[in-house]
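Protein chains in written order, with numbering that gives the first Met the number 0: chain A, 0 to 221; chain B, 0 to 138.
These aren't lab readings, by the way, just hints derived from the structure by calculation.
By construction, the Cβ of each residue, glycine as well, lies at the ideal position given by its N, Cα and C atoms.
Take these hints with a grain of salt, some might be off.
[Stated by the list, open to error] Only pairs whose alpha carbons sit at most 25 Å apart, straight line, appear in this in silico BS3-like list of lysine-lysine: (1) B:Lys-79 to A:Lys-7; (2) A:Lys-216 to B:Lys-44; (3) B:Lys-44 to A:Lys-149; (4) B:Lys-69 to B:Lys-79; (5) B:Lys-69 to A:Lys-149; (6) B:Lys-69 to A:Lys-7.
[As the list claims (entries may be wrong)] Covered, in the sense of this in silico footprint (three residues per stretch, anywhere, with C-beta under 8 Å from a C-beta of chain A), are these stretches of chain B: (7) 99-106; (8) 112-120.
[As the list claims (entries may be wrong)] So these bits of chain B aren't anywhere near chain A, every CB distance computed over 12 Å: (9) Glu-39; (10) Ala-49; (11) Cys-90.
This is what each chain is made of:
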Amino acid sequence: MTEVIDVKRSILEANEAEAARLRAESTSRLVVNLISSPGSGKTTLLEATVRAMSSRFSIGVIEGDIATERDAMRLRALGVPAYQILTGGACHLDARQIRKAMQEARFPTNLDFLFIENVGNLICPTSYDLGEDFKVVVLSVTEGEDKPFKYPAIFSRASVCVLSKVDLLPHVSFDLDAVRGQVASLHPCGRLLLTSARTGEGIAEWCSMLEGALLQKRFVTR
Amino acid sequence: MHELSIASEIYRVAREAVAQYGPGRVETVRVAVGELRAIEPDLLKFAWEALVTGSPDQSSYLDVMWCPAKQYCEQCAAEKRREPGSWLALCPDCQHPLRIEGGMELDLLQVTYLTEDEIREAGQPAQAGAEPAAEISRD
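Could you build all of it, start to finish, from the sequences and the hints given here?
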């Protein structure tokens, strides 16, 4: 006779518990988890963000990559503390790695923004809560307009979709309205922002969205 | 390929559930996986086999209950049918925006196991059963 145990437990409960602790500890800073495919411009967007905001806000960055410290070095060159997680081959970050990064990075205690740049991958990072306030998915216009429906998990979960490299729109076939429709269908309250870190288009709107979210969090938390 | 990480979490939670009742050998583990979890059931089963091989639970079976997301139209007050793996941009009947329901499941539902006595009765040498499989925590 086989014994049967009915359980109803979340499979990722260990990760979720750690993410909940991280979230509880970050009441005064806004934590953003950036997810995209490789090469969509996450680091370049962060560079533009740092240039626009670091004189008024304290910013920290956690970079997740399979190999090299290149991304962290790019941000350190702009004067912000950046901690590099090297996953060695793993396709995503999890909350335990963020805990370790927070212990080792020695970010300033008055951090306003913590950006976590996930490993470039539209699939695996979706499953792991890192204790962020919200996920941002970055999609470059060179990747094609079919991506939201092809990767519904991340586009239904990310409350902000940043369309990057929009300066290239005249040169590529990219149906902006189709993307708007797909994003709205997967996340009806999600925001779509059009940006180009190269020309600066949309960066002010992106930054004011971040500022607004930080103020709202501090106001709501207190 | 994050399915191996997910499989090792399933195994950990399933082992914990059995351990509450004493030593035993896991037979089947039933999990619910939602469509919007970015987890591929076949890869998950494959990862499970790799994970339990060489452990006391190596004959165990992972049963994946696939939970599709549903697209619902508020205006028609009805679920709208779609082809598996495709999405509707708007309601095909009234063009109203749709709401997604479900698809976020990622739960351990049920574990079946044999107790030490049952393993002995079956004529197989009793194993401690609590020995974890080779630790593979990351991809």
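Those earlier numbered hints the structure runs against, lowest number first:
1, 2, 9 and 11
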